[in-house]
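Visitor: Sequence:
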Amino acid sequence: MAGPVVAVAVILPQDIIIDGVNDSKKLTEKKRNILFEEIKQKAFSYGIGIVDSKTIDDINILQATFLAMRKAIEQLSETPNLILVDGNHIIPNIKTNQQPIVSGDAKSACIACASILAKVTRDNIMYEYAELYPQYDFQKHKGYGTKAHLEAIKKFGHCPIHRMSFAPLNSKQIELL
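Under the numbering used here, the sequence shown has 55 at position 55, and the numbering climbs by one with no breaks.
Just so you know, the hints here were simulated from the structure itself, not pulled from any lab data. Misleading hints may appear alongside valid ones.
[What the hints assert, rightly or not] With a straight-line Cα cutoff of 30 Å, these simulated DSSO-like cross-link-like pairs (lysine-lysine) come out:
hint	residue 1	residue 2
1	42	25
2	31	107
3	54	154
4	142	107
5	155	42
6	54	71
[As the list claims (entries may be wrong)] Beta-carbon label-pair distances, calculated as ranges:
hint	residue 1	residue 2	range
7	146	124	10 to 20 Å
8	78	99	10 to 20 Å
9	103	124	18 to 28 Å
10	154	54	17 to 27 Å
11	61	96	19 to 29 Å
Note that this is a predicted model, so its numbers are computed, not measured. Don't be surprised by glycine CBs; every beta carbon is placed ideally from N, CA and C.
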């Protein structure tokens, strides 16, 4: 409900194994942070694409995610022969061959590494926003629609990083909490 969407592209050397890499949601924050540094050091190349909440509202979350993915791919030091995409969509406006993989972060080391870099990057952004907007406790819920976050919105209204296109921010539902 708040903050940017972050996508990451990672190219790993063929012979590299990074112990402990897994779906970012299955790792502790401490383990993600350790792996974040190791992945950045060992990756052949990586790119991070960030799209802010205003753009998400303007073009919708799916299109903003595709935009973040394109931005990440554009930052790679070379164009890969094949792009593995986490999910069931290919990225529009990319000429490189693509293979969507549902639950890709559990099936591909590159996708798992990308998910870790994306999660840590977004969490760090939300920690910065927590300092700017302390009343929302972004450091705790990272902008997701938790009960505490919804209660803060009800009490303080929205702030500039809230995604106004997301329910309940885009309706009167917040008043019903």
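Visitor: Next, verify each hint and record whether it holds.
Guide: Verification of the hints:
About 21 Å separates the Cα atoms of residue 42 and residue 25, which keeps this hinted pair within 30 Å; it holds. Note on residue 31 and residue 107: the hinted pairing holds, with a Cα-Cα distance of about 19 Å set against a maximum of 30 Å. With a C-alpha separation of about 20 Å, the suggested pairing of residue 54 with residue 154 holds against the 30 Å cut-off. Taken as a hint, the residue 142 and residue 107 pair is honoured in the structure, with Cα atoms around 26 Å apart against an allowance of 30 Å.
For the hint pairing residue 155 with residue 42, the CA-to-CA distance comes to about 45 Å; that exceeds 30 Å, so the pair is violated. Of the pairs offered as hints, the one joining residue 54 and residue 71 holds, with about 17 Å between alpha carbons and a cut-off of 30 Å not exceeded. Separation of residue 146 from residue 124 is about 19 Å and conforms to the stated range, judged on CB atoms against 10 to 20 Å. Our hint of 10 to 20 Å for residue 78 and residue 99 holds, since their Cβ atoms are close to 18 Å apart.
Remark: the range hint 18 to 28 Å for residue 103 to residue 124 is upheld by a beta-carbon distance near 25 Å. In this structure, residue 154 and residue 54 meet the distance hint of 17 to 27 Å, their C-beta atoms being roughly 22 Å apart. Against the hinted window of 19 to 29 Å, the Cβ-Cβ separation of residue 61 and residue 96 comes to about 23 Å, which satisfies the hint.
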